[in-house]
Amino acid sequence: MTLSGEVVVVNKLDGFLSFQQQALALRAKRQQVLAGNIANADTPNYKARDFDFQATLQQTLAGRQESAIALATTSPRHLAGTDGSAVPTLGYRQPVQASADGNTVEMDVERTQFAENAFYYEAGLTFITNKIKSMLSAVQGQ
Amino acid sequence: MSLFNTFQVAGSAMTAQSIRLNAVASNLANADSVVSSDGQPYRAKQVVFTATPMGSAAAQGVRVTQVVEDSSPGRMVYDPRSPVADEKGYVTMPNVNVVEEMTNMISASRSYQTNVEVMNTAKQLLLKTLTLGQ
Numbered sequence: 001m002t003l004s005g006e007v008v009v010v011n012k013l014d015g016f017l018s019f020q021q022q023a024l025a026l027r028a029k030r031q032q033v034l035a036g037n038i039a040n041a042d043t044p045n046y047k048a049r050d051f052d053f054q055a056t057l058q059q060t061l062a063g064r065q066e067s068a069i070a071l072a073t074t075s076p077r078h079l080a081g082t083d084g085s086a087v088p089t090l091g092y093r094q095p096v097q098a099s100a101d102g103n104t105v106e107m108d109v110e111r112t113q114f115a116e117n118a119f120y121y122e123a124g125l126t127f128i129t130n131k132i133k134s135m136l137s138a139v140q141g142q
Numbered sequence: 143m144s145l146f147n148t149f150q151v152a153g154s155a156m157t158a159q160s161i162r163l164n165a166v167a168s169n170l171a172n173a174d175s176v177v178s179s180d181g182q183p184y185r186a187k188q189v190v191f192t193a194t195p196m197g198s199a200a201a202q203g204v205r206v207t208q209v210v211e212d213s214s215p216g217r218m219v220y221d222p223r224s225p226v227a228d229e230k231g232y233v234t235m236p237n238v239n240v241v242e243e244m245t246n247m248i249s250a251s252r253s254y255q256t257n258v259e260v261m262n263t264a265k266q267l268l269l270k271t272l273t274l275g276q
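As they're listed, the protein sequences go chains Y and E.
So for the first sequence, our numbering puts the first residue at 1; every next one is plus one.
So for the second sequence, our numbering puts the first residue at 143; every next one is plus one.
So that you can see chain Y by itself, here it is in the shape it has in the complex (with noise of 0.2 Å):
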């Protein structure tokens, strides 16, 4: 194979598994955030937050985020990409209920988003599983 079809071939490999794996580093990102809330269930005004998935995963892809840094292609054979540091946009929730001492983390809420995002995490991690396979059959040709 020549060099260039070599590039090619990561190129597509990367193509291929990128959507997937800027979506589990989001995951992986949300799921520290609902941790935090959690800890932070005693803390005096504390204040819940989390950010809107469906909308970072999209600004991520179409590359408008301002804080990922791109990263330097000075030969043929080096990948495009940012340094995957994208920095989602935190909010603050709404509380239903709020609590006498300012905190507005509840846990009813909390607990379900952080099990939701859990599943949502293993769900990527079994779609790559099956991306991965799919290649590799494809690529052993049997």
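Keep in mind that the hints were calculated from the coordinates and are not lab data.
For clarity, every value in this text was computed on a predicted model and none was experimentally measured.
Take the hints with a grain of salt, since some may be wrong.
What the hints assert, rightly or not - Using 27 Å as the maximum straight-line C-alpha spacing, the simulated DSS-like pairs for lysine-lysine come out as follows:
1) 230(E) with 133(Y)
2) 133(Y) with 12(Y)
3) 270(E) with 12(Y)
Fit chain E to the given chain Y structure using the hints.
Just chain E now, kept in the frame of chain Y:
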């Protein structure tokens, strides 16, 4: 890897809750200590939680910034035979509210459990990530 930050966040909460539980244990144990190390009746101790960034700004952990003494007055008990009774026969007891401390204990223990679950979930996700593509 953001999921490792989740460990730190949940871990900081577990530490904070165990400090709170320690304060509760101290308060309950000394609910009847009319003389503490400084010669005064024991005063209830309360912990102060503060959110603190862990690794990145998005991950807010928690830590105990200070342990304050409850300034409310102690309850007065009439016991003229006690060696620490004042001239009217009253003894100043600690200002520990046992009912409040019990609810504090339950709350701390529940929060601790929740954070253990958070940590378990993060661990499970990380282990699954390690087997990616297999």
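Report task. Please work out if residue 230(E) and residue 133(Y) have their alpha carbons no farther apart than 27 Å. Result -> 86 Å, violated
**Report entry** Agreement of residue 133(Y) and residue 12(Y) with the hint, judged by alpha carbon distance not exceeding 27 Å
**Finding:** 15 Å, holds
Requested in this report: Would you check the hint for residue 270(E) and residue 12(Y), treating anything up to 27 Å between C-alpha atoms as holding?
Outcome: 25 Å, holds
Hint 1 from the list above is the single one not met by this structure.
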